[in-house]
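Undergrad: Chains as they are written, first to last, in my numbering: chain A, 1 to 77; chain B, 1 to 77; chain C, 1 to 128; chain D, 1 to 128.
Be aware that one or more of the hints could be misleading.
[Claimed, not checked] Straight line, CA to CA, 27 Å or less: simulated DSSO-like cross-link-like pairs of lysine-lysine:
id, chain 1, residue 1, chain 2, residue 2
1, A, K45, D, K42
2, C, K2, D, K69
3, D, K61, D, K122
4, A, K4, A, K45
5, B, K4, C, K122
6, D, K42, A, K4
7, C, K115, D, K69
8, C, K115, C, K61
9, A, K4, D, K69
[Claimed, not checked] Footprint (simulated), chain D over chain C, 3 or more residues, beta carbon under 8 Å:
id, stretch
10, 33-40
11, 59-71
It is worth saying that the hints were derived from the structure and are not from the lab.
Model, not experiment: these values are computed from the prediction.
The C-beta atom is built at its ideal place from N, Cα and C for all residues, glycine as well.
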Amino acid sequence: MKIKILTFAQTRTQLGFDEKDFECHAGETPREILRRLAPQFDPGKTIRVAVNQEYADWDQPVGNASELALIPPVSGG
Amino acid sequence: MKIKILTFAQTRTQLGFDEKDFECHAGETPREILRRLAPQFDPGKTIRVAVNQEYADWDQPVGNASELALIPPVSGG
Amino acid sequence: MKTHIAFTRAPIVPPAATTTAREIGAVLEFSGVVRESENGQKIPGLRYEAYEPMARTQLEKICAELSAKHACEEIWFIHRLDFVPVGEASLFIRINARHRGPALALMAELIDRLKADVPVWKISDVLH
Amino acid sequence: MKTHIAFTRAPIVPPAATTTAREIGAVLEFSGVVRESENGQKIPGLRYEAYEPMARTQLEKICAELSAKHACEEIWFIHRLDFVPVGEASLFIRINARHRGPALALMAELIDRLKADVPVWKISDVLH
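From just these sequences and the hints, can you work out the full model?
TA: Structure (structure tokens):
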């Protein structure tokens, strides 16, 4: 299956793309997918992940989700 | 000396005037002045008095103040 | 801190928003609107009266006191008097501040103080 | 409770105030304005980006959650994106409620939640 990976703000700069389709399987977690996509990238404690537009767990399998977004600390307003 | 007595909202209805010049002397308190002006009127606990546009004590002499106002519970906004 | 206090007998027109100070990050506006029922009765509106000079003095003191606690730059306060029909504003307050926290705190306390200490009255003779 | 959420790339124009519900007693409006300095540096403005569909979903959930706690009737939320010059609003929120208390509480919590959980970012590449 393919998942669309979206980046914003500094994660876009760190990863060098704003969206990318990436081959993965349902049992993979966001952390595992990111590790394969960008081995040097460490989300640390501040970058959250959203799966299908909901905040999700880095270590929970993505299932049949179609979208995975990296959410650095937000600063709207 | 003369002091101007002002009434508002229900105190105007109770006293039957909205402003009145009244003869008094500096040693009199608002309570004493009101008692002479309207013996039947009891400010109770809810009606405040303002002397020269500042909240004042019912039992503090008015001194050379020129204005005494009865302030029933306020309800602006 | 600048304070603009006005009483008007005409419908309230919010003054032009002048965020001339380029350090203003928060503009908070409150309109108090007359609701169609008062104490469970349908009303056409409310009638307000004020002891204007004292109300103005009290408001200036209250604004000075509150802005010492909550850093705000400018306050506009307009209270309408006489008859105010349902659906129209009897009160308008605008607060300009660097940050939202002090603006929100000052707004809440200013309205509380208005309703406790400022000689303005809602007259109920139109209720019946 | 009705919620109107919008993202715009043009200057924010507050929507017409429709207090059609005749039980609205409080209209509270907040504008978040870009200040002339950020982290001690003078800036021409800020650039905002959003993950729009998720931001919208998050805001709808947050508004529903907050209005269950603080009884409000209607919320308008507008966030500007792309470049916002100093002195212009990046954010506009209006809350209609029967009473001021819930409107003030909801406003404070909504902005806090926006700044904690809604995927909108202030981009600093114009700062340098």
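Undergrad: Confirm or reject each hint.
TA: Tested hints:
no.: 1; hint: K45(A) - K42(D); result: violated (31 Å)
no.: 2; hint: K2(C) - K69(D); result: violated (35 Å)
no.: 3; hint: K61(D) - K122(D); result: holds (22 Å)
no.: 4; hint: K4(A) - K45(A); result: holds (23 Å)
no.: 5; hint: K4(B) - K122(C); result: holds (24 Å)
no.: 6; hint: K42(D) - K4(A); result: violated (38 Å)
no.: 7; hint: K115(C) - K69(D); result: holds (24 Å)
no.: 8; hint: K115(C) - K61(C); result: holds (15 Å)
no.: 9; hint: K4(A) - K69(D); result: violated (36 Å)
no.: 10; hint: 33-40; result: holds (count 5)
no.: 11; hint: 59-71; result: violated (count 0)
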